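> These are the residues of each chain, in order.
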Amino acid sequence: MSYDQWIKRSRSAQRAPGKTTLNGREIKLVYTPEDIDGLDYHNDLGFPGEFPFTRHPYSAGYRGRFWQMRLYSGFGSAEDTNRRWKFLLNTGNNGVSAAFDLPTQLGYDSDHPEVVEEVGRVGVALDSLSDFEVLFGGIPLDKVPATFNINDCGIIILSMIIALAEKTGVNLQSLSGSLANDILLEYLVRGTWRFPIKHSLKLHADVAEFCIKHMPRFYPVNIRGILLHESGATPALEVGISFAAGLRYIDECLKRGITIDDYGPRVSFFFASGQQFFEEAAKYRAARRLWARLIKERYGPRDPGSMVMKFTACFGGHWYQKREPEVNIIRAAYGILGPVLGGTQGMILAGYDEAFAIPTEKTQRLALRTQQVLAEETDAAACADPLGGSYLVESLTNRIESEIVAFLNDLESGGGILKNIESGNLQKKIHDLSYQSRLSEDRGERVIVGVNKYLAETGAGTEKEANLELHRLDPESIDRQLKRLGEVKRTRDGRAVISSLQDLRQAVWQDKNLVPAVVECVKNYATIGEITETLVDLFGEFREPRII
Amino acid sequence: MARSLKVLVAKPGLDGHDRGAKIIARALRDAGMEVIYTGLRQTPAQIANAAVQEDVDIIGLSILSGAHTGLTRRLKAELQKLEAENDFSVIIGGTIPLEDIPELKSMGVAEVFSNEEPIPNIVDRIKEIGQSMAGR
Numbered sequence: 001m002s003y004d005q006w007i008k009r010s011r012s013a014q015r016a017p018g019k020t021t022l023n024g025r026e027i028k029l030v031y032t033p034e035d036i037d038g039l040d041y042h043n044d045l046g047f048p049g050e051f052p053f054t055r056h057p058y059s060a061g062y063r064g065r066f067w068q069m070r071l072y073s074g075f076g077s078a079e080d081t082n083r084r085w086k087f088l089l090n091t092g093n094n095g096v097s098a099a100f101d102l103p104t105q106l107g108y109d110s111d112h113p114e115v116v117e118e119v120g121r122v123g124v125a126l127d128s129l130s131d132f133e134v135l136f137g138g139i140p141l142d143k144v145p146a147t148f149n150i151n152d153c154g155i156i157i158l159s160m161i162i163a164l165a166e167k168t169g170v171n172l173q174s175l176s177g178s179l180a181n182d183i184l185l186e187y188l189v190r191g192t193w194r195f196p197i198k199h200s201l202k203l204h205a206d207v208a209e210f211c212i213k214h215m216p217r218f219y220p221v222n223i224r225g226i227l228l229h230e231s232g233a234t235p236a237l238e239v240g241i242s243f244a245a246g247l248r249y250i251d252e253c254l255k256r257g258i259t260i261d262d263y264g265p266r267v268s269f270f271f272a273s274g275q276q277f278f279e280e281a282a283k284y285r286a287a288r289r290l291w292a293r294l295i296k297e298r299y300g301p302r303d304p305g306s307m308v309m310k311f312t313a314c315f316g317g318h319w320y321q322k323r324e325p326e327v328n329i330i331r332a333a334y335g336i337l338g339p340v341l342g343g344t345q346g347m348i349l350a351g352y353d354e355a356f357a358i359p360t361e362k363t364q365r366l367a368l369r370t371q372q373v374l375a376e377e378t379d380a381a382a383c384a385d386p387l388g389g390s391y392l393v394e395s396l397t398n399r400i401e402s403e404i405v406a407f408l409n410d411l412e413s414g415g416g417i418l419k420n421i422e423s424g425n426l427q428k429k430i431h432d433l434s435y436q437s438r439l440s441e442d443r444g445e446r447v448i449v450g451v452n453k454y455l456a457e458t459g460a461g462t463e464k465e466a467n468l469e470l471h472r473l474d475p476e477s478i479d480r481q482l483k484r485l486g487e488v489k490r491t492r493d494g495r496a497v498i499s500s501l502q503d504l505r506q507a508v509w510q511d512k513n514l515v516p517a518v519v520e521c522v523k524n525y526a527t528i529g530e531i532t533e534t535l536v537d538l539f540g541e542f543r544e545p546r547i548i
Numbered sequence: 001m002a003r004s005l006k007v008l009v010a011k012p013g014l015d016g017h018d019r020g021a022k023i024i025a026r027a028l029r030d031a032g033m034e035v036i037y038t039g040l041r042q043t044p045a046q047i048a049n050a051a052v053q054e055d056v057d058i059i060g061l062s063i064l065s066g067a068h069t070g071l072t073r074r075l076k077a078e079l080q081k082l083e084a085e086n087d088f089s090v091i092i093g094g095t096i097p098l099e100d101i102p103e104l105k106s107m108g109v110a111e112v113f114s115n116e117e118p119i120p121n122i123v124d125r126i127k128e129i130g131q132s133m134a135g136r
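Chains E and A, in that order, give the protein sequences. Under our numbering, think of the first position of the first sequence as 1, with each following residue one higher. Under our numbering, think of the first position of the second sequence as 1, with each following residue one higher.
In case anyone wonders, no lab produced these hints; they're calculated from the structure. Mixed in with the good hints, there may be bad ones.
As the list claims (entries may be wrong) - Here are some of the chain E residues that sit facing chain A, going by a computed Cβ distance under 10 Å:
no., residue
1, Thr192
2, Ile358
3, Tyr435
4, Asn467
5, Leu470
To be verified - Here are a few chain A residues that sit away from chain E, every Cβ distance over 10 Å (derived from the structure):
no., residue
6, Arg26
7, Thr38
8, Asn49
9, Ala50
10, Asp55
11, Glu78
12, Ala84
13, Asn86
14, Glu103
15, Gly108
16, Glu111
17, Phe113
18, Glu116
19, Arg125
20, Met133
Bear in mind the structure is a predicted one, so any value in this text is a computation, not a measurement. Just so it is clear, CB atoms sit at the ideal spot from N, CA and C, and this is done for glycine as well.
The shape of chain A in the complex, shown without the other chains:
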């Protein structure tokens, strides 16, 4: 029996705007996924640990402070420390300039969502990402 997709919705760094993160968390839960919301002020180390402990499939980062590149790089390093770099798909939402997306993708980020993307599209895309991981 296929278990439902498990997603960690995280607020890394100091940004305190949680409207988007909470909307996504709720939408994913309403779509039948298991969602863990970390709350604010998570360090990359805390997020990596939570992802491993909770055995999630996808790590979602919500960042509106412009600190996305640095925080993503640090998350990757923390996941490497735990030898869990390939165990999760990482997705990002927030205020991300288009020109930063290639670098994020080169770090292994599966998708970067604009805050204008309709929620049903985001949910579908996350389902897709989950399915593409099923083979591992």
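Only chain E is shown next, with the shape it has when bound in the complex:
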């Protein structure tokens, strides 16, 4: 009996209302072998660690070790963040993940007159190597993996890592972690750009080239599809644009003689998770399979490791509600299921108070415990790809893969990713989706428990009512930061700073890899602002297409 025949035989099946997933896919009542007709185990799934890596990137699955539970944090001055990092490490964080404030991300010093309100707010304030030394005080670079969400100014942070490693006698080869170094997505949806596209891509490749040569355990790029998701992109667009960016970064590096087998294994991704855990798991499986096929077809790598898509997932604060915020704890638990069932290599989970502010120690501890319970107390990670073979999930995996392919083909025939960023077309495409999605939410088309359905009688919203103690920026931390910056400027060798900034200019004119020159600047305690201004002077600044 086929599905259609079955439907015809069952009155209740016929009467059952249709359903679409949160992402707009029509979902049947039940899935059957018909839905995966033609699926070939070896070509379409493969064993874990075998092309096309659909089931898991590594043969041992999670048996070797669980996904990296590495919560993101940073605020105030380096001391404040150092303290929070140590708390997180003691609570089970696998390494540290640095959030920088906006002035740092954009290359402005904390004493720049236009940025005073922003210092230390959305991340830690860094101005010079001195801050970086305090940030990592008691946190050995060679023992603790470190992730850095820094993009156009990534070369400066990389240089601080190198300078600190040298100062503390740590071999660069032993460093593990990653830099986002993902400027294309900044142009699209997050806005921490400084330089024009051409120059930003050169900086990207400089960073990648240096890491490939000297820091083999470090990922010099982490493409953050999650930003696209948070801006309204569908899963297909999230993965599609991320892949287009990834391929463009690879092409940029190949131009200077780096090979696919050099860079391929060092590319990593960062995707969103949602509560539709079957769809999310299918998305990651589709992404893994498609990336392997794309790399194979385009570049013909010799090393199978060049085709393995590795990613971190995040269930982020925009899923959380202000009303009855403790319910966000439940949302968090469901939100991490998709990535684990889908074979993620890492997971970030927002604290349940993140509908209001950046998280406190308490909510970050709970976020770690949520993951630890899943890993240690359930069987979600017991074997690789537990959903493999599911009629539903294999069918969804196929569908999502073809949606991504369709998008990539469209983008290619529309001129490619750079052209569509410059024109603002891609930004507009994302915003169109975002607008429609918001209108649909306002019409109540998505149920949000406790907010538009099952409303509590007494006011159960607001942080006051939920007895939440929120994070507040300590104003003294800004004073500390400014004091240290002043101290650095007073005590450093001013002439060495000027001379190393001049050498940086030379290196730009000679079209060299800029990392060594920036390292010299950093070692002389040139500030982030001074280094960035030098580059802005030579490169100019990006002009944003302002399309509503």
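Here the structure of chain E is known, so what remains is to put chain A in place on it, guided by the hints.
Below, chain A without anything else, positioned relative to chain E:
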């Protein structure tokens, strides 16, 4: 003939998240208002100048970086410099903790919108603010 309400939607400071600002800009435009969107990285001085030059009625600030109090204060100072402090209504949207709202209101901010507020409600409230300014 009454001209349509003119709104400047601005992204002050360094915050690069423009989803909310663009949604509001589009919704207001769809509701028949004239909307100018400044794009990212606007200094308070640039916003004040744009508001005066474009002769808008309402200045809307979208801020998700936590820098709202400082940026609003600076915008007010810039408007004072241009002797235009009373020429506009200022509204704010973004990630604004409840406890900061009284201070913002005391600076003259007409309304602070939560990002969970349904768009039709925001549009209506902005229309109201526009109407209440008509008498000046």
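> Next step is simple, just say for each hint if it's right about the structure.
Hints, one by one, checked against the model:
{"no.": "1", "hint": "Thr192", "in the structure": "6 Å, holds"}
{"no.": "2", "hint": "Ile358", "in the structure": "8 Å, holds"}
{"no.": "3", "hint": "Tyr435", "in the structure": "6 Å, holds"}
{"no.": "4", "hint": "Asn467", "in the structure": "14 Å, violated"}
{"no.": "5", "hint": "Leu470", "in the structure": "7 Å, holds"}
{"no.": "6", "hint": "Arg26", "in the structure": "5 Å, violated"}
{"no.": "7", "hint": "Thr38", "in the structure": "8 Å, violated"}
{"no.": "8", "hint": "Asn49", "in the structure": "15 Å, holds"}
{"no.": "9", "hint": "Ala50", "in the structure": "12 Å, holds"}
{"no.": "10", "hint": "Asp55", "in the structure": "19 Å, holds"}
{"no.": "11", "hint": "Glu78", "in the structure": "12 Å, holds"}
{"no.": "12", "hint": "Ala84", "in the structure": "21 Å, holds"}
{"no.": "13", "hint": "Asn86", "in the structure": "24 Å, holds"}
{"no.": "14", "hint": "Glu103", "in the structure": "13 Å, holds"}
{"no.": "15", "hint": "Gly108", "in the structure": "18 Å, holds"}
{"no.": "16", "hint": "Glu111", "in the structure": "17 Å, holds"}
{"no.": "17", "hint": "Phe113", "in the structure": "13 Å, holds"}
{"no.": "18", "hint": "Glu116", "in the structure": "7 Å, violated"}
{"no.": "19", "hint": "Arg125", "in the structure": "14 Å, holds"}
{"no.": "20", "hint": "Met133", "in the structure": "23 Å, holds"}
Against the hints set out earlier in the document, violations occur for numbers 4, 6, 7 and 18.
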